[in-house]
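Protein chains in written order, with the working numbering: chain A, 83 to 271; chain B, 83 to 271; chain C, 83 to 271; chain D, 83 to 271.
In short, the hints are calculated from the structure, not lab data. Each hint should be verified, as a subset may be incorrect.
Unchecked claim - Calculated pairs, BS3-like style, for lysine-lysine (alpha carbon to alpha carbon, straight line, at most 27 Å):
hint, chain 1, residue 1, chain 2, residue 2
1, C, 181, C, 100
2, B, 252, C, 267
3, C, 117, B, 267
4, D, 267, A, 117
5, A, 230, C, 230
6, A, 100, B, 181
7, D, 252, A, 267
8, D, 181, C, 100
9, D, 100, C, 143
10, B, 267, C, 143
Unchecked claim - Covered by chain B, according to a simulated footprint, are these stretches of chain C (three or more residues, beta-carbon under 8 Å):
hint, segment
11, 198–211
12, 215–225
13, 253–265
Unchecked claim - Computed spacing ranges between beta-carbons, pair by pair:
hint, chain 1, residue 1, chain 2, residue 2, range
14, A, 244, D, 87, 35 to 41 Å
15, A, 221, D, 148, 21 to 27 Å
16, D, 148, A, 266, 32 to 38 Å
For every residue, glycine included, the Cβ atom is placed at its ideal position computed from N, Cα and C.
Protein chains: 4
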Amino acid sequence: MDMERPLYIPVILGTARKGRASENVARFMLGEVGKREGVETELIDIRDLDLPFDDEGEAIKDVRFSGQMSRADALVVVVPEYNHGYPGLLKHALDTNLKEYIHKAVGVCGVSAGGFGGVRVVQGLLPVLRELGLVTIFWDMNFAAAHKLFDESGALLERSYVRRADQFLKELIWMAKVLRHGREKVSLG
Amino acid sequence: MDMERPLYIPVILGTARKGRASENVARFMLGEVGKREGVETELIDIRDLDLPFDDEGEAIKDVRFSGQMSRADALVVVVPEYNHGYPGLLKHALDTNLKEYIHKAVGVCGVSAGGFGGVRVVQGLLPVLRELGLVTIFWDMNFAAAHKLFDESGALLERSYVRRADQFLKELIWMAKVLRHGREKVSLG
Amino acid sequence: MDMERPLYIPVILGTARKGRASENVARFMLGEVGKREGVETELIDIRDLDLPFDDEGEAIKDVRFSGQMSRADALVVVVPEYNHGYPGLLKHALDTNLKEYIHKAVGVCGVSAGGFGGVRVVQGLLPVLRELGLVTIFWDMNFAAAHKLFDESGALLERSYVRRADQFLKELIWMAKVLRHGREKVSLG
Amino acid sequence: MDMERPLYIPVILGTARKGRASENVARFMLGEVGKREGVETELIDIRDLDLPFDDEGEAIKDVRFSGQMSRADALVVVVPEYNHGYPGLLKHALDTNLKEYIHKAVGVCGVSAGGFGGVRVVQGLLPVLRELGLVTIFWDMNFAAAHKLFDESGALLERSYVRRADQFLKELIWMAKVLRHGREKVSLG
Numbered sequence: 083m084d085m086e087r088p089l090y091i092p093v094i095l096g097t098a099r100k101g102r103a104s105e106n107v108a109r110f111m112l113g114e115v116g117k118r119e120g121v122e123t124e125l126i127d128i129r130d131l132d133l134p135f136d137d138e139g140e141a142i143k144d145v146r147f148s149g150q151m152s153r154a155d156a157l158v159v160v161v162p163e164y165n166h167g168y169p170g171l172l173k174h175a176l177d178t179n180l181k182e183y184i185h186k187a188v189g190v191c192g193v194s195a196g197g198f199g200g201v202r203v204v205q206g207l208l209p210v211l212r213e214l215g216l217v218t219i220f221w222d223m224n225f226a227a228a229h230k231l232f233d234e235s236g237a238l239l240e241r242s243y244v245r246r247a248d249q250f251l252k253e254l255i256w257m258a259k260v261l262r263h264g265r266e267k268v269s270l271g
Numbered sequence: 083m084d085m086e087r088p089l090y091i092p093v094i095l096g097t098a099r100k101g102r103a104s105e106n107v108a109r110f111m112l113g114e115v116g117k118r119e120g121v122e123t124e125l126i127d128i129r130d131l132d133l134p135f136d137d138e139g140e141a142i143k144d145v146r147f148s149g150q151m152s153r154a155d156a157l158v159v160v161v162p163e164y165n166h167g168y169p170g171l172l173k174h175a176l177d178t179n180l181k182e183y184i185h186k187a188v189g190v191c192g193v194s195a196g197g198f199g200g201v202r203v204v205q206g207l208l209p210v211l212r213e214l215g216l217v218t219i220f221w222d223m224n225f226a227a228a229h230k231l232f233d234e235s236g237a238l239l240e241r242s243y244v245r246r247a248d249q250f251l252k253e254l255i256w257m258a259k260v261l262r263h264g265r266e267k268v269s270l271g
Numbered sequence: 083m084d085m086e087r088p089l090y091i092p093v094i095l096g097t098a099r100k101g102r103a104s105e106n107v108a109r110f111m112l113g114e115v116g117k118r119e120g121v122e123t124e125l126i127d128i129r130d131l132d133l134p135f136d137d138e139g140e141a142i143k144d145v146r147f148s149g150q151m152s153r154a155d156a157l158v159v160v161v162p163e164y165n166h167g168y169p170g171l172l173k174h175a176l177d178t179n180l181k182e183y184i185h186k187a188v189g190v191c192g193v194s195a196g197g198f199g200g201v202r203v204v205q206g207l208l209p210v211l212r213e214l215g216l217v218t219i220f221w222d223m224n225f226a227a228a229h230k231l232f233d234e235s236g237a238l239l240e241r242s243y244v245r246r247a248d249q250f251l252k253e254l255i256w257m258a259k260v261l262r263h264g265r266e267k268v269s270l271g
Numbered sequence: 083m084d085m086e087r088p089l090y091i092p093v094i095l096g097t098a099r100k101g102r103a104s105e106n107v108a109r110f111m112l113g114e115v116g117k118r119e120g121v122e123t124e125l126i127d128i129r130d131l132d133l134p135f136d137d138e139g140e141a142i143k144d145v146r147f148s149g150q151m152s153r154a155d156a157l158v159v160v161v162p163e164y165n166h167g168y169p170g171l172l173k174h175a176l177d178t179n180l181k182e183y184i185h186k187a188v189g190v191c192g193v194s195a196g197g198f199g200g201v202r203v204v205q206g207l208l209p210v211l212r213e214l215g216l217v218t219i220f221w222d223m224n225f226a227a228a229h230k231l232f233d234e235s236g237a238l239l240e241r242s243y244v245r246r247a248d249q250f251l252k253e254l255i256w257m258a259k260v261l262r263h264g265r266e267k268v269s270l271g
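Looking at chain A on its own, in the form it has when it is part of the complex:
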């Protein structure tokens, strides 16, 4: 593996809801990913995608988003839990690509207003992410009571998340490197 070429690990902000606490979470994760040496990142806000809503699936690809997914070695998905499931707009966006995701790593950051940190939306996403060809790592981030975790400037108030993010990103970067090696060096069959 050419270790000089950086890993590209964008952070997807998976809700367009007004007042979304997930935006602070995504910015925090973006900062944490950005600190890792040899990793490039950027924020992909699903609010900014240019997706039509009168059709679904690969027919409505956003060229820029598909390019980002093609280039990605791993994804950080920040996703609030709505009624124990994923936001419709995130699924609408994810469904626009297929082969772009294959054999890449993904780590999920669940966000909730209540106390369980989006654990249920992580569970709900597992079959979807797998079918897309992504490998979901077995560390998650869980941001419970997310509106209280950040101050007005968006700065994180609860420092334990920094340590947790460190473990989460170690695992995600490990899986990203391993799968990139696989994609580039190990033949299928």
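We have chain A already, so just place chains B, C and D on it with the hints.
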């Protein structure tokens, strides 16, 4: 229970994808529901809902859709399986209501291009429907290879689905009646 | 509905693990159920079932357990989360009955050593309970950090669970009454 | 990666039910895995494990089974669907190990008496396998109407499964090689 007041059981067509096979499925189910005595129905096509996409949840209620959900005794949800999950636009629509659904019945009709009849999207919807307060019956409809099940006029080619729909609707109507009795006659605590 | 006949709502203790915190949870729930007027209960400890392990399913029914399930109007299932799923022994026990469960209510009490109160095992049980014909209510109990919630005598230290149990049992008893009415008074088709 | 050391990919037969169709499935898969060059395999029948049932988890490890899991590079899990979930005895067995599974590949072969090939038990296993540290590949095998797929001698009657097994095993072996490289050559953080 005042049995002279008909049950209202609309059929939700849960995808806006162009060329959707689910439209034939929804029209078939609409016809089957409509044959039942004492039941009123209509088709609710999520393509026709007036929902914004720059926000999510109860903030973006469509007044007509919310009225239909309030009035409903049960729902038939026709839903294709996209990447082993539910269509984003269906979830976007479902998330716009909450108390409208409570203690009502729902039956799910999974639709797939392949051989498993949307079994996985039914599984994926279970926690969401439960959190919305709906009771999912334990009969499903599963329309596998859905593009081949109807002729060009939209008529069903495979008659076994009529028998299956009969069992499915018996159970759904039973649950709709039972829960209506509960809502109207049994006090909570 | 003959309201003079009490509801029978046993509490199933769904693990045989030595040192199980779930036993305190089950005894607490048993006490709470037992306080409700017009409700009979008892503890069913899966450790005490006489089930063989060289076969599975209805072939290995325990007569007493099947009788309890037949008689039950609703179940309280106390279940720890093991590796984000249900304990094998609980599933082994549940699978020994089928028609005994149909059109009855169930409420789930998740138990965890960690912070999420067994939310994931509840999600994992939903499709199973549905297939068994049970109706899972949309209130759960979630006992997080369960080893710290009780003193050495098994008395609950955290009183907020009493209020939560009250809401949970109101919903469960409502559903038990409603479904009993359905089983006894509403014909299927 | 030392390609001369063979991959070890055992096949787990995940039910003890008498008359299990899954045994034929497991023997078929064992034969298919065994044909691959550079792969060693064997059948692990959960009926043969020496596990107590008065406790659960790592406390009741079977030394031989834990050794097999430690040595494994990947697993093929053959699992029937019981009431839309996994067999209790399989979960009881899986829960006895933890670190033995980490960063290894798993492919799931669902088995059903009915028409959906165990699709639902695969979905149900995903969160469990992930928590155990396993990476579930995105190809499955689905043996529908499993009692009719084999003749009396246990020979497969439906040849399409051979082609499917070829694709499934290509993916599983790819993932096994890639993750072994990762375990041996890529440091975590």
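Against the structure, the hints come out as follows:
1. Proximity of residue 181/C to residue 100/C is assessed by CA-CA distance (about 31 Å); at most 27 Å being required, the pair is judged violated.
2. The straight-line distance between the Cα atoms of residue 252/B and residue 267/C is roughly 15 Å, inside the 27 Å bound, and the hint therefore holds.
3. For a cut-off of 27 Å, the pair hint linking residue 117/C to residue 267/B stands: about 24 Å separates their Cα positions.
4. Among the hinted pairs, residue 267/D with residue 117/A is consistent with the structure: their alpha-carbon atoms are about 24 Å apart, no more than 27 Å.
5. Distance check on the hinted pair: residue 230/A and residue 230/C sit about 25 Å apart at the alpha-carbon level, within 27 Å; holds.
6. Distance hint between residue 100/A and residue 181/B is fulfilled; the C-alpha atoms sit about 21 Å from each other, no more than 27 Å.
7. A C-alpha spacing of about 15 Å is found between residue 252/D and residue 267/A, which places the hinted pair at or below 27 Å, so the restraint holds.
8. Distance hint between residue 181/D and residue 100/C is fulfilled; the C-alpha atoms sit about 21 Å from each other, no more than 27 Å.
9. Between residue 100/D and residue 143/C, the direct Cα distance comes to roughly 14 Å. Compliance with the 27 Å bound is thereby established for this hinted pair.
10. Under the criterion of a C-alpha separation no larger than 27 Å, the hint pairing residue 267/B with residue 143/C is inconsistent with the structure, at around 37 Å.
11. Judged by the Cβ-Cβ criterion of 8 Å, the segment 198–211 of chain C is covered by chain B as claimed, because 3 of its residues qualify and three suffice.
12. Three residues within the 8 Å Cβ limit are the bar, and the segment 215–225 of chain C against chain B gives 4, so the coverage statement holds.
13. Only when three residues or more bring their CB closer than 8 Å to a CB of chain B does the claim for the segment 253–265 of chain C stand; here the count is 9, and the claim holds.
14. Separated by about 40 Å at the C-beta atoms, residue 244/A and residue 87/D satisfy the suggested range of 35 to 41 Å.
15. Taken as a hint, the range 21 to 27 Å holds for the pair residue 221/A and residue 148/D, whose Cβ atoms sit roughly 24 Å apart.
16. As the Cβ distance of residue 148/D to residue 266/A is approximately 34 Å, the hint placing it in 32 to 38 Å holds.
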